[in-house]
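K.L.:
Chains as they are written, first to last, in the numbering used here: chain A, 3 to 118; chain B, 92 to 202.
No lab work stands behind these hints: they were computed from the structure. One should not assume that every hint holds.
DSBU-like, lysine-lysine: derived pairs with alpha carbons at most 35 Å apart [unchecked claim]: (1) A/16 / B/194; (2) A/73 / B/194; (3) B/144 / A/73; (4) B/194 / B/144.
Bear in mind the structure is a predicted one, so any value in this text is a computation, not a measurement.
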Amino acid sequence: DTGVSQDPRHKITKRGQNVTFRCDPISEHNRLYWYRQTLGQGPEFLTYFQNEAQLEKSRLLSDRFSAERPKGSFSTLEIQRTEQGDSAMYLCASSLTLAGWGNEQFFGPGTRLTVL
Amino acid sequence: KNEVEQSPQNLTAQEGEFITINCSYSVGISALHWLQQHPGGGIVSLFMLSSGKKKHGRLIATINIQEKHSSLHITASHPRDSAVYICAVGHSGGGADGLTFGKGTHLIIQP
Chain A
3 DTGVSQDPRH KITKRGQNVT FRCDPISEHN RLYWYRQTLG QGPEFLTYFQ NEAQLEKSRL
63 LSDRFSAERP KGSFSTLEIQ RTEQGDSAMY LCASSLTLAG WGNEQFFGPG TRLTVL
Chain B
92 KNEVEQSPQN LTAQEGEFIT INCSYSVGIS ALHWLQQHPG GGIVSLFMLS SGKKKHGRLI
152 ATINIQEKHS SLHITASHPR DSAVYICAVG HSGGGADGLT FGKGTHLIIQ P
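Next comes chain B alone, as it looks inside the complex (with noise of 0.2 Å):
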């Protein structure tokens, strides 16, 4: 069983649409990560957040602990947000804080 489950695990959409990725995870964390992951390999990250919502741009993320979830929505979207998004989580209890990933969303945005 993973510990990090995301949905959907592919999605495409039109442009404009509102796009919501979902992350569930199954251990107790010390923050939740979204990733951006673009053709050829190159990770950035979009967020780490460990309560409430932030918003960049037209992104947003959300987390609730106590459902232990979290979404990545996109506003607008548009082609050049296609790309693998995702969820990541780093344990909570001290040791290390390397990153246990879910398999990610393949985001298509077409014109």
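Just chain A, same shape as in the assembly (with noise of 0.2 Å):
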């Protein structure tokens, strides 16, 4: 399988519990992104890496969400403590970067979070 895969698909927690989402993007790929849309509205980004380095957070990102990649290939995201706001899909995405030219993204099919 070449597309970017996400795990869990769906996950169902209770408030103030901790919860973890993995990214396996397209291998050749060395940027990957983390969004969250939540219902009927678009996607908002959340953050993005280049191999391994962490170069953009979105206000978005509270203190209780933290990304890693630690090998510059796949990628996890944790919430922790969870709160019912959180509830969402959380999208994960990757690219190629090409010098001076906006790059397509390859999307993941999402992590739906619900928060009890």
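Reassemble the complex: the two chains are provided individually, in unrelated frames, and hints are given to aid placement.
P.N.:
Below, the structure written as structure tokens:
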């Protein structure tokens, strides 16, 4: 399979619990992005990595959120002390950087989080 | 104020009709993307463009950089085209190209 994969596809948790999501990008892609999408809205940028370096974080990414890409391949997004407002679809995308050019991003199927 | 505005928000049309979805943006961009999202969440990239026009099958995307406007057209629409179509922009000026998205256009093609 050569696409972007995410695990799990669905997660139901109780408020206050910690959750971790995983994203496996397309293997030769050096950039990896995390987005969040709430019902009826377009996705919103959370953070991105170039190789293992986290280069930008959105103001949406509170202190309860942390993302890693330790070896420049897969990435994890952890949410601590989940709140009901964290319920959303968490999307991962990857791209191959081309200098001076906007990069086509390939999206995974998403992880749908429900916080009860 | 949203940096990316799409219209219409909802569109219902009959099979075979010519469809146009519009996108306006207010920032400098490196590229504009048109994406398709089906129920269940999966997003597919349709086009990435920074100038002119691109065509793929029955889909055509155009962009006018001076007017900061793009359109997505679907010719001979079919019920399987029913989906949410999202316009997104990558910002110019270096730094991240994490995309900024419009809210999407929910398209329903009736047989």
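K.L.:
Against each hint, give a clear statement of whether it holds in the structure.
P.N.:
So, going through the hints one by one against the coordinates:
1. A/16 / B/194: Since the Cα atoms of residue 16 of chain A and residue 194 of chain B sit roughly 29 Å apart, the hinted pair holds (cutoff 35 Å).
2. A/73 / B/194: 34 Å, holds
3. B/144 / A/73: The given pair, whose Cα atoms are some 38 Å apart, is violated under the 35 Å limit.
4. B/194 / B/144: Holds - the C-alpha atoms of residue 144 of chain B and residue 194 of chain B are around 23 Å apart, at most 35 Å.
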